[in-house]
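Participant: What follows is each chain in one-letter form.
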Amino acid sequence: MATIRIPPVLRPAVGGEKELTAGGSSVGEVLRALADAHPETQSQLFAADGGLNRYVNVYLNDGDVRVLDGLDTAVGESDTLVILPAMAGGAR
Amino acid sequence: MSPSGAEVLRQIKSRIDEVDPSSVHDQLSNGAVVIDVREPEEWSTGHIPGARHVPKSYFESRIEGTVGDRSQHVILYCQSGVRSAWAARTMIEDLGYEHVESMTGGMTLWKDRGYEVEVPRSLTAEQRERYSRHLLLPEVGSEGQQKLLDAKVLLLGAGGLGSPTGLYLAAAGVGTLGIVDDDAVDLSNLQRQVIHNSQRIGVPKVDSAEETITALNPDVKVEKYPVRLGPANIMDILPGYDVVVDGLDNFPTRYLLNDASVRLQIPVVSAAILGFEGQLSVFKPYDGPCYRCLFPTPPPAELAPSCGANGVLGVLPGTMGLLQATEVIKLILGEGEPAIGRLLLYDALAATLGEVKIRRDPNCPICSRDPESISDEEMGVFPDYEAFCAGAH
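Protein chains in written order, with this note's numbering: chain G, 1 to 92; chain A, 1001 to 1393.
One or more of the hints may lead you astray.
Between beta-carbon pairs, the in silico distance windows are [unchecked claim]:
| # | chain 1 | residue 1 | chain 2 | residue 2 | range |
| --- | --- | --- | --- | --- | --- |
| 1 | G | Leu68 | A | Glu1378 | 29 to 37 Å |
| 2 | G | Met1 | A | Gly1336 | 37 to 45 Å |
| 3 | G | Ala47 | A | Glu1377 | 45 to 53 Å |
| 4 | G | Ala37 | A | Gly1240 | 51 to 59 Å |
No lab work stands behind these hints, which were simulated from the structure alone. Positions of the beta carbon are idealized from the N, C-alpha and C atoms, including for glycine.
Whenever a hint applies, use it, and build me the whole structure from the sequences.
Facilitator: Printed below as a string of structure tokens:
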């Protein structure tokens, strides 16, 4: 099971968890397993065409999966996926 | 009977290699490191152009910071060639450097031959005291301190991130600090915005920040912009600054800043915070990715909360703001590895600092093009801009 790091903005959709595990042999399978377990994340992660939303970056360990094989990038048991939407915020 | 000083010097000179000023002059651009071992007062009256300064009184403790490679070709000089001979002996026999020479006749002969002399701008006695801990660092020194004093840094906001950044950059002697902020100090700011204080509630933040900075370091000139950064003023404010520090709280301005900074080729040290977590990266146009390479489009409004609505641990902008200040100083000094092409991820609760790689997008709508071709009309615009702004209000 790969580890998934959940960003602050998505935590309400996964019951407040910061880190989850999900099965799957590719980035797409792992993220779909996450969306199946926590349906509220579906629309935040995936666009209507089934691809990743462009405002969400996903990193396999420290590499952007878009530079790798996208959702088809192979994922191993000990890998970590980092989900990273853009943050703004200086706190005025 | 012990040998006389003159006899010891003669022996030393017989054991080291000496080189004539004419030969040093010819080798200035050949990769040899030329080091002036005289005292600071002598150095300040003029030195060989491009030389580094390691006073003989601190030679053993500082030379390795200046020349790390034992096989590097090093030429030492002083005023007459005596102190440099002693220092060369130390480098070769005590410290194991392999290729060290001492210039005969020192600076006196160099000048007699009519070669060029560079007179360094010097720090005042008060500045030497104020920045003494910087001057002790080989990576800063008086040359680096002068770079800091000459630098112009623009802070976007004197809020959570801008407060610590502004305080420490002022303390470090960054000569000009521009501050863009149209807000006034509020009691709820003081949990984290440490450049302000309880007596300044209701005071414009640019004025409050200026008062604190000037009291901390009178060397710093504060340029105040009591406005909200936008398309109408960004091209008036940014030009002339060496580095921009970004702690912007909204996406439209974040994209506008990116596009303007790429067009003007000004590096941006960017940080964002939320709750207990922070992100930081250095966007140096054409050296690394830009913000659009990282995030081509902003998230929808419901996924883009501001800190005001979500809360932030007061010390977190302190941590992230000081990481920003550190990157700013590195960029000014040209030292170290700035966080270019990397996004640092700090988790305060977990006490972890991770990072992910950001690549430059060869198809980036902005930084894949010539800076001159970026027009006013397209700056700050992104797909679905209208919908985003409608959702944000």
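Participant: Taking the hints in turn, state whether each one holds.
Facilitator: Hints and how they fare:
no. : hint                              : result
1   : G:Leu68 <-> A:Glu1378: 29 to 37 Å : 30 Å, holds
2   : G:Met1 <-> A:Gly1336: 37 to 45 Å  : 38 Å, holds
3   : G:Ala47 <-> A:Glu1377: 45 to 53 Å : 28 Å, violated
4   : G:Ala37 <-> A:Gly1240: 51 to 59 Å : 53 Å, holds
Consistency with the previously given hints fails for number 3 only.
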